[in-house]
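Here's the letter readout for the chains.
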Amino acid sequence: MKAFTQHKGVAAPMDRANVDTDLIIPKQFLKSIKRTGFGPNLFDELRYLDEGQPGQDCSNRPINPDFPLNHPRYQGASVLLARKNFGCGSSREHAPWALDDHGFRAVIAPSFADIFFNNCFKNGLLPIVLEEEIVEQLFQEMYAEEGYELVIDLEQQLVVKPNGETIAFEVDTFRKHCLLNGLDDIGLTLEDADDIRAYEAKRRDEAPWLFDAVK
Amino acid sequence: MGQQDNKKQTLYDKLWEDHLVKSRDDGTALIYIDRHLIHEVTSPQAFEGLRLAGRKPWRTDSVVATPDHNVPSDAAERAGGIAGIQDEVSRIQVQTLDENCKDFGIVEFGINDPGQGIVHVIGPETGATLPGMTVVCGDSHTSTHGALGALAHGIGTSEVEHVMATQCLIQKKMKNMLVRVDGELGPGVTAKDVVLAIIGKIGTAGGTGYAIEFGGEVIRGLSMEGRMTVCNMAIEGGARAGMVAVDQVTLDYVKDKPYAPKGDQWDMAVANWSRLHSDDGAHFDAIVELRGEEIEPQVSWGTSPEMVAPISALVPDPAAENDATRKAGIERALEYMGLTAGQKITDINLDRVFIGSCTNSRIEDLRAAAAVAKGHKKAESVKQVLVVPGSQSVKAQAEKEGLDQVFLEAGFEWREPSCSMCLAMNADKLGPGEHCASTSNRNFEGRQGYGGRTHLVSPSMAAAAAIAGHFVDVREMQKEAV
Ligand code: SF4
Numbered sequence: 001m002k003a004f005t006q007h008k009g010v011a012a013p014m015d016r017a018n019v020d021t022d023l024i025i026p027k028q029f030l031k032s033i034k035r036t037g038f039g040p041n042l043f044d045e046l047r048y049l050d051e052g053q054p055g056q057d058c059s060n061r062p063i064n065p066d067f068p069l070n071h072p073r074y075q076g077a078s079v080l081l082a083r084k085n086f087g088c089g090s091s092r093e094h095a096p097w098a099l100d101d102h103g104f105r106a107v108i109a110p111s112f113a114d115i116f117f118n119n120c121f122k123n124g125l126l127p128i129v130l131e132e133e134i135v136e137q138l139f140q141e142m143y144a145e146e147g148y149e150l151v152i153d154l155e156q157q158l159v160v161k162p163n164g165e166t167i168a169f170e171v172d173t174f175r176k177h178c179l180l181n182g183l184d185d186i187g188l189t190l191e192d193a194d195d196i197r198a199y200e201a202k203r204r205d206e207a208p209w210l211f212d213a214v215k
Numbered sequence: 001m002g003q004q005d006n007k008k009q010t011l012y013d014k015l016w017e018d019h020l021v022k023s024r025d026d027g028t029a030l031i032y033i034d035r036h037l038i039h040e041v042t043s044p045q046a047f048e049g050l051r052l053a054g055r056k057p058w059r060t061d062s063v064v065a066t067p068d069h070n071v072p073s074d075a076a077e078r079a080g081g082i083a084g085i086q087d088e089v090s091r092i093q094v095q096t097l098d099e100n101c102k103d104f105g106i107v108e109f110g111i112n113d114p115g116q117g118i119v120h121v122i123g124p125e126t127g128a129t130l131p132g133m134t135v136v137c138g139d140s141h142t143s144t145h146g147a148l149g150a151l152a153h154g155i156g157t158s159e160v161e162h163v164m165a166t167q168c169l170i171q172k173k174m175k176n177m178l179v180r181v182d183g184e185l186g187p188g189v190t191a192k193d194v195v196l197a198i199i200g201k202i203g204t205a206g207g208t209g210y211a212i213e214f215g216g217e218v219i220r221g222l223s224m225e226g227r228m229t230v231c232n233m234a235i236e237g238g239a240r241a242g243m244v245a246v247d248q249v250t251l252d253y254v255k256d257k258p259y260a261p262k263g264d265q266w267d268m269a270v271a272n273w274s275r276l277h278s279d280d281g282a283h284f285d286a287i288v289e290l291r292g293e294e295i296e297p298q299v300s301w302g303t304s305p306e307m308v309a310p311i312s313a314l315v316p317d318p319a320a321e322n323d324a325t326r327k328a329g330i331e332r333a334l335e336y337m338g339l340t341a342g343q344k345i346t347d348i349n350l351d352r353v354f355i356g357s358c359t360n361s362r363i364e365d366l367r368a369a370a371a372v373a374k375g376h377k378k379a380e381s382v383k384q385v386l387v388v389p390g391s392q393s394v395k396a397q398a399e400k401e402g403l404d405q406v407f408l409e410a411g412f413e414w415r416e417p418s419c420s421m422c423l424a425m426n427a428d429k430l431g432p433g434e435h436c437a438s439t440s441n442r443n444f445e446g447r448q449g450y451g452g453r454t455h456l457v458s459p460s461m462a463a464a465a466a467i468a469g470h471f472v473d474v475r476e477m478q479k480e481a482v
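Chains R and U, in that order, give the protein sequences.
Just so you know, we're using this note's numbering here: the first sequence kicks off at 1 and counts up by one.
Just so you know, we're using this note's numbering here: the second sequence kicks off at 1 and counts up by one.
Worth flagging that the hints you see were computed from the coordinates, not collected in a lab.
Keep in mind that a hint or two might mislead.
Straight-line Cα separation of at most 27 Å, DSSO-like style, residue types lysine-lysine; simulated pairs [to be verified]:
(1) K344(U) x K202(R)
(2) K2(R) x K172(U)
(3) K14(U) x K202(R)
(4) K202(R) x K8(U)
(5) K34(R) x K56(U)
(6) K202(R) x K56(U)
(7) K202(R) x K400(U)
Keep in mind it's a predicted model, so treat the numbers as computed, not measured.
Using the sequences and the hints given, assemble the complete structure.
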């Protein structure tokens with residue numbers, strides 16, 4: 001996994017509550033057996049005026065001029081500002097893959113759905129929870145200033161605004177450690193293989209039926 | 001484990017403790033996974049990850065696979081097996097699951113195997129998922145299996161790979177929520193209406209960070225299948241896991257399932273499972289209460305499962321909403337859904353009806369829909385009514401009972417087991433602007449097809465709507481029939 005330490009980037013809006021994973025990446029693109037290439041179809045139904053198909057060249061599709069991510073001022077944005085309950089719905093990891101593939105490194109929102117939140121960390125994408133009023137303020141400032149850039153410092157757990165003001169955020173110790181160092185958590189878990197085996201041995205005595213194979 | 005013996009625990013606390021391999025200093029824990037269900041959509045990248053890292057699955061006998069999302073529901077297309085799938089991208093994905101299972105030695109109920117079905121339908125019906133288990137799947141509706149008294153939840157693809165490689169998940173304990181539904185349900189009111197009413201009350205983020213235990217007289221009074229419908233939609237209330245305590249209904253359901261323990265092991269299992277309930281006085285971080293009598297048949301009118309109303313209600317008016325974000329949400333939903341504020345729910349006309357999905361495609365659901373459809377015909381104005389059984393075994397049982405004939409006589413279509421129009425990854429989908437009465441679980445924009453408009457309802461409400469051509473109170477129809 002790629003590491004996340006410090007990042008500076010232009011902020012872009014996804015200004016509605018309860019953005020679900022179907023909206024982030026519609027189901028037809030889930031037929032891919034790869035982890036990459038979802039970027040052009042991020043928010044597909046909002047970004048384009050037609051219905052997207054997997055494998056299609058998106059460069060000739062009709063663009064929705066009203067969708068903010070299509071506006072020139074947000075091109076190259078890498079920090080997404082969002083509203084409550086971002087990423088609700090399905091468990092599809094294609095949602096963080098699509099955000100990542102499009103170039104986003106962090107998403108800031110007042111709250112996230114659990115599975116999506118978890119999936120982000122596995123892909124070097126940092127979800128940041130800030131109070132609703134603070135997110136609202138960031139939205140206002142971003143709308144007011146073209147090229148509004150935020151610095152995200154994971155080590156310090158700070159979001160730094162263009163005027164130098166800082167906002168602290170919380171992040172789980174283990175997840176922070178993995179992100180900062182780009183660690184593969186399977187490798188970490190396998191360091192505990194003896195504990196897993198010991199658990200299995202104990203459990204096999206208590207509940208042997210759990211180890212019967214389905215044939 | 002340093003626990004006081006007299007500590008009162010919730011069902012979730014017990015399931016957590018039973019599966020705790022190790023607590024780490026950083027507040028995370030390693031949790032052991034007993035059953036891992038996989039399907040074609042969220043597993044290929046996980047297998048690829050294992051291959052790239054040169055890793056082997058920890059315990060292949062804990063994994064059960066089946067294709068469900070992409071498989072055609074059309075009998076003719078289905079008869080051709082994998083090679084017969086017309087959509088090339090879908091075919092490759094189903095083929096990839098097949099190959100991965102062969103390569104890694106994983107049991108798969110293949111596309112036309114008698115054991116095939118929607119993962120969340122085949123788990124409980126075969127006994128592959130059991131009380132007291134931890135169950136995961138790269139699918140958010142894994143919460144369904146919690147109805148058995150299991151700790152079951154959806155995971156992302158990286159976690160699918162993690163569970164395959166280590167048999168564990170790295171987790172933080174969730175908080176405990178109790179949703180208690182006491183009293184009694186009126187006639188015509190089903191498990192689906194109960195869970196939609198719960199989501200209407202707590203909202204789609206109400207359960208975020210919680211494991212929900214559903215309890216109270218109404219939940220106790222539900223069949224296992226009804227409990228599965230309720231737990232299935234815990235995720236629509238924001239909770240990764242939903243669960244119901246083990247009782248006699250659970251044991252009667254599990255007994256004699258193909259993969260359920262037998263003989264001495266059955267007795268041992270029953271003794272073990274009898275502790276799978278919350279202790280009296282156990283602490284819940286949040287408690288939500290509903291009265292069964294107050295729940296009417298529900299219909300969702302918007303683009304989020306919390307946008308739901310009783311059949312007797314009117315489509316809400318955004319002007320009455322004070323919260324700005326919520327108000328904007330209602331306005332956008334009404335526009336997308338093509339509805340006007342103050343319109344009667346019963347005045348919503350339907351273009352298609354879908355009876356199926358892991359929420360409502362079990363035999364009781366089909367019986368309920370057939371009971372309403374019997375002797376009627378679908379309305380002329382309704383283009384299509386799809387009935388898609390959740391598994392091969394549900395299909396066989398329904399055909400044995402003649403339900404397929406009831407549906408066909410009513411002008412409904414009888415299809416092959418698959419996710420079908422629940423998410424429209426196969427050929428079954430809504431056209432732009434079409435309204436659908438659907439027994440599935442998500443009414444998100446575009447969920448059932450580009451521009452499609454989904455209304456979530458119970459199987460009997462869906463069948464009633466198919467006949468009337470618009471929503472009706474199924475209780476009125478049932479009264480007339482008596
Ligand atoms: S039926 Fe629908 S919700 Fe259930 S697993 Fe299939 S796609 Fe997901």
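Hint check results:
1. K344(U) x K202(R): Judged against 27 Å, a Cα distance of about 59 Å means the pair is violated.
2. K2(R) x K172(U): holds, 23 Å
3. K14(U) x K202(R): holds, 16 Å
4. K202(R) x K8(U): holds, 24 Å
5. K34(R) x K56(U): Distance of about 20 Å is within 27 Å: holds.
6. K202(R) x K56(U): Holds: K202(R) and K56(U) sit about 23 Å apart, inside 27 Å.
7. K202(R) x K400(U): Violated, because 44 Å separates the two Cα atoms, which is more than 27 Å.
Hint compliance for this structure: hints 1, 7 are broken, all remaining hints hold.
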